[in-house]
Amino acid sequence: MASLDAVVKQVVSKYGNDRTRLMDIITDVQTELGCVSDEAVAQIAKILDLSKVDVEGVITFYHFFTKTPRGKYTVYLNNSAVANMKGRAAIAKAFEDAVGCSFGRTTSDGLIGLYDTSCIGMNDQEPAAIINGVVFTNLTQEKVKEIVTGMKAGKDVKDLVKEYGDGANQSDLIRAMVKNNIMRKGPVLFAPYEQGSAIKAALSKKPEDVIEEIKIANLRGRGGAGFPTGMKWEFCRKAEGAKHYVICNADEGEPGTFKDRVILTELPHMLFEGMAIAGYAVGAQEGIIYLRAEYLYLKKYLEKVLEDLRAKNILGKNIAGKGFDFDIRIQMGAGAYVCGEESALIESAEGKRGEPRNRPPFPVQKGYLGYPTTVNNVETLCCAVRIMLEGGEWFAKMGTAQSKGTKLLSVSGDCQNPGIYEVEFGTTVNTLLEMVGGRTAKAVQVGGPSGTCISKKDFGRRICFDDLATGGSIIIIGPDRDLFEIVHNFMDFFVEESCGWCVPCRAGNVILKQKLEKIMSGKASTKDVQELEDWCKIVKATSRCGLGQTSPNPIYTTIQNFREMYEAKVKKDTDYVSTFDLLAAVEESCKAAGRIPKVEEH
Amino acid sequence: MSTINFTIDGKACKAKPGQTIVEAAKDNGIYIPTLCHFEGLKPAGTCRICTVKVGGRNMAACTTPVTEGMVVENKTADLEDYRKAIIEMLFVEGNHMCPTCEKSGNCELQALGYRYMMMAPRFPFLFPRRTLDASLPKIVIERNRCVQCLRCVRGITTADGKRIFGVVNRGGHVEITVDKDLAASMTDEMAQKAMDLCPVGAILKKEVGFAIPIGKRKFDSKPIGSEIEKA
Ligand SMILES: Cc1cc2nc3c(=O)[nH]c(=O)nc-3n(C[C@H](O)[C@H](O)[C@H](O)COP(=O)(O)O)c2cc1C
Ligand code: SF4
Ligand code: SF4
Ligand code: FES
Chain P
1 MASLDAVVKQ
11 VVSKYGNDRT
21 RLMDIITDVQ
31 TELGCVSDEA
41 VAQIAKILDL
51 SKVDVEGVIT
61 FYHFFTKTPR
71 GKYTVYLNNS
81 AVANMKGRAA
91 IAKAFEDAVG
101 CSFGRTTSDG
111 LIGLYDTSCI
121 GMNDQEPAAI
131 INGVVFTNLT
141 QEKVKEIVTG
151 MKAGKDVKDL
161 VKEYGDGANQ
171 SDLIRAMVKN
181 NIMRKGPVLF
191 APYEQGSAIK
201 AALSKKPEDV
211 IEEIKIANLR
221 GRGGAGFPTG
231 MKWEFCRKAE
241 GAKHYVICNA
251 DEGEPGTFKD
261 RVILTELPHM
271 LFEGMAIAGY
281 AVGAQEGIIY
291 LRAEYLYLKK
301 YLEKVLEDLR
311 AKNILGKNIA
321 GKGFDFDIRI
331 QMGAGAYVCG
341 EESALIESAE
351 GKRGEPRNRP
361 PFPVQKGYLG
371 YPTTVNNVET
381 LCCAVRIMLE
391 GGEWFAKMGT
401 AQSKGTKLLS
411 VSGDCQNPGI
421 YEVEFGTTVN
431 TLLEMVGGRT
441 AKAVQVGGPS
451 GTCISKKDFG
461 RRICFDDLAT
471 GGSIIIIGPD
481 RDLFEIVHNF
491 MDFFVEESCG
501 WCVPCRAGNV
511 ILKQKLEKIM
521 SGKASTKDVQ
531 ELEDWCKIVK
541 ATSRCGLGQT
551 SPNPIYTTIQ
561 NFREMYEAKV
571 KKDTDYVSTF
581 DLLAAVEESC
591 KAAGRIPKVE
601 EH
Chain A
1 MSTINFTIDG
11 KACKAKPGQT
21 IVEAAKDNGI
31 YIPTLCHFEG
41 LKPAGTCRIC
51 TVKVGGRNMA
61 ACTTPVTEGM
71 VVENKTADLE
81 DYRKAIIEML
91 FVEGNHMCPT
101 CEKSGNCELQ
111 ALGYRYMMMA
121 PRFPFLFPRR
131 TLDASLPKIV
141 IERNRCVQCL
151 RCVRGITTAD
161 GKRIFGVVNR
171 GGHVEITVDK
181 DLAASMTDEM
191 AQKAMDLCPV
201 GAILKKEVGF
211 AIPIGKRKFD
221 SKPIGSEIEK
231 A
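Chain order of the listed sequences is P and A.
Mapping to my numbering: the first sequence position 250 is 250, numbers consecutive.
Mapping to my numbering: the second sequence position 198 is 198, numbers consecutive.
Treat the hints with care, since some could be wrong.
In silico lysine-lysine, DSSO-like type, Cα no more than 30 Å apart, as pairs [as the list claims (entries may be wrong)]: (1) Lys-9/P with Lys-180/A; (2) Lys-218/A with Lys-230/A; (3) Lys-180/A with Lys-67/P; (4) Lys-180/A with Lys-352/P; (5) Lys-243/P with Lys-42/A; (6) Lys-238/P with Lys-53/A; (7) Lys-457/P with Lys-537/P; (8) Lys-180/A with Lys-540/P.
So the derived list for chain P, only partly shown, Cβ under 10 Å to chain A, looks like this [as the list claims (entries may be wrong)]: (9) Glu-307; (10) Arg-506; (11) Asn-509.
Simulated coverage check for chain P against chain A, where a stretch passes if three residues somewhere in it have a Cβ under 8 Å from a Cβ of chain A [unchecked claim]: (12) 54–65; (13) 490–500; (14) 537–546.
Read the hints as simulated data drawn from the structure, not as lab findings.
All figures in this text were calculated on a predicted structure; none of them were measured in a lab.
Where is the CB? At the ideal position from N, CA and C, for every residue including glycine.
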């Protein structure tokens, strides 16, 4: 093996000794050496003329970067709420039994590491895991045994995949067992279209008129926040800068969303064409797609699609002979939900810790490398393609007053047909439940953990920005589920994914989770529920970015919509219950002394 | 236009272009509590104690520039309670034993606790396991007291602009650390500057202690913010 110094030197020079490519540098060094040790940190810092803490800060921020080896084979088993519903516990145990070590550890011979990870975008085929970048879905205990046997025999992980999914998942460059599960095709995303026709239509107009068409369509961002896309592009276009950038947000980190995964698999040419349209509209020649690390298995395929588009002159120089240049590069993430927040995403793409920025300035004013940047969701950019072809008016005929067009929903949980559904905005939850075979639901989590948990009384509400907003995640919770377990899982997620920058999110979420645990353990009074609700408001009101502003929602919205569940857990005859458990506290010493405590006397 | 007109809690105020709400408020004799903010450093907005309400939205006054006609709410009951809650979160998130701390009396967190009349935090203590680094020649880093304000990260650099302090990990595990080689080259002046920058007792200069006796310290007789407030 080449020496550490040589490896680092070679990797860093591959990225032009460019500090802003630190994400790629760390990824490649880790791929070569298995981890990024203190020595490697020092070497990277030295060549890039950085402080060692700068490099270490980045490595320790991302879930998939590591300073110590995590095994020749590293298993990342999804621990989302839906994975739990689908039997994750038994799968985890099967891994532990077969491998011979527990989660969070690597075997002593350094062969296999077992680790948890947040939602990997496979909620429609859980339990699922990623092993050395390869996705394994619908895991069973038998499959786990086979996989572990294969790893112990030193096989290539790719060869452990025995079955392939549908569509492009079968293509040579993907070869994944992932299924698309496209359950309902709609007119915006899944209607046929001719590659290159939309960018041609755009290039035949002035950029301002492209923006005008998007405004007529009243297209709003599909990433969750619903900001009007036309306005965003206009701000970006008008912002002064030597260059402009288009970034596609393919971080898809909200637990329960996986619709961008399907677009990236089946409609990547449409997405890239959408980026070119955005580039033309805002005056950008460079685009970046920020792809979450969990979707590494799509990277080679996406690179090939980019090549094809260049060959067809839909990307590259002088596109369609109209004098417009535009190209796209892929930036990989490394496991951080907060990097879906657009300014954190930009920080990450610049090779830094994925911490959101303070605003102003907004990304459209000062974004990637300080240049005006529009960040748009995968689906938003695809919508732009259809709007170029069919016109803004056509698009605006669908949907509700404030939400035009269709929305691609990722449906998972307790239903017969999990998968993706393209539905018109304004569809009620009831209609959707009917469609997906989830009529028995007692609760529906709309918009993922950061969204709203609704009960039956709200199933008549509509999915749209004017009513129940969602970036696409719909989790159906059946009548027999313990909702507390799900809320707790979501709080675990936020505690794990907070960037740690600001106090209310960093400390507040831990405090909220502990209080929730107090209630779940039956050691709480009505006052605890009231305090919990008040504390949720404090965290929501004072957190710096969207993560902290919404992280109390699992608790907050269930207190509002399932108050009886909380009330059933608390002691009504007292307004204070101590969390101190005397029996547990003295258990060990009593055992050592051979005494039996007489608690009743205290 | 060279002067910006705006209001804080209904009082007419003036600001210079580019000033943040915190800076302008100070010039107008109004105290908005701050902790992570430090004059001369780029605002970070980590503590959120300066949260004010503008146009119905909560925002950090230390990172938000004043704009013409802005209507700022500062001393409302809700905001004052949020601020107190944040101070309490900081007290339970770390391990703060004021009576044994060299910074007592000069500590901004302690002073805010007094100003907001925190008796006991409403939140249960988290009692985190944190470490102390006494291996550096000039300073001690006592992480039990760190509030992650990032003043040291922002304010202390080498002559060629490299950061000596940095943050590792994320979420509740974030921790201040140093590049040991760069920290070894810190001068006495830099060590003193780092200690003075730190609002709490998390960075202490080695070999001197209690140079100013308790009782004669910055906040011993006057509450924090009183230097700003006009009667
Ligand atoms: C914590 C957090 C996570 C987010 N994750 C995503 C994401 O995975 N994908 C996405 O498109 N937008 C995400 N967003 C929203 C983005 O900040 C941004 O609004 C969006 O990418 C803009 O694109 P759009 O206008 O096309 O929706 C997230 C926001 C927050 C606060
Ligand atoms: S709200 Fe949470 S994720 Fe956002 S900046 Fe604060 S700590 Fe980071
Ligand atoms: S060590 Fe002091 S200055 Fe640095 S982040 Fe912690 S509290 Fe702030
Ligand atoms: S002083 Fe404004 S966020 Fe800390």
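Results for each hint:
Taking the CA atoms of Lys-9/P and Lys-180/A, the gap is about 22 Å. The hint holds against a cut of 30 Å. As the CA atoms of Lys-218/A and Lys-230/A are separated by approximately 19 Å, the hinted pair is consistent with the 30 Å bound. With a CA separation close to 17 Å, the supplied pair Lys-180/A and Lys-67/P stays within the 30 Å bound. At most 30 Å may separate the alpha-carbon atoms for a hinted pair to count; Lys-180/A and Lys-352/P meet this at roughly 20 Å.
Taking the CA atoms of Lys-243/P and Lys-42/A, the gap is about 25 Å. The hint holds against a cut of 30 Å. Restraint check: the Cα-Cα separation between Lys-238/P and Lys-53/A comes to about 29 Å, which is no more than 30 Å; the hinted pair holds. Proximity of Lys-457/P to Lys-537/P is assessed by CA-CA distance (about 24 Å); at most 30 Å being required, the pair is judged to hold. As the CA atoms of Lys-180/A and Lys-540/P are separated by approximately 38 Å, the hinted pair breaks the 30 Å bound.
Look at Glu-307/P: its Cβ only gets to about 36 Å from chain A, farther than 10 Å, so that hint breaks. For Arg-506/P, the suggested interface contact is upheld, since its CB lies about 6 Å from the closest CB of chain A, less than 10 Å. The interface hint given for Asn-509/P holds, since its Cβ lies 8 Å from the closest Cβ of chain A, which is under the 10 Å cut-off. Only when three residues or more bring their CB closer than 8 Å to a CB of chain A does the claim for the stretch 54–65 of chain P stand; here the count is 5, and the claim holds.
Coverage of the stretch 490–500 of chain P by chain A holds. Counting CB-CB distances below 8 Å, 6 residues qualify, and the rule asks for three or more. A count of 5 residues in the stretch 537–546 of chain P with a Cβ less than 8 Å from any Cβ of chain A is obtained; the coverage claim is therefore met, three being the minimum.
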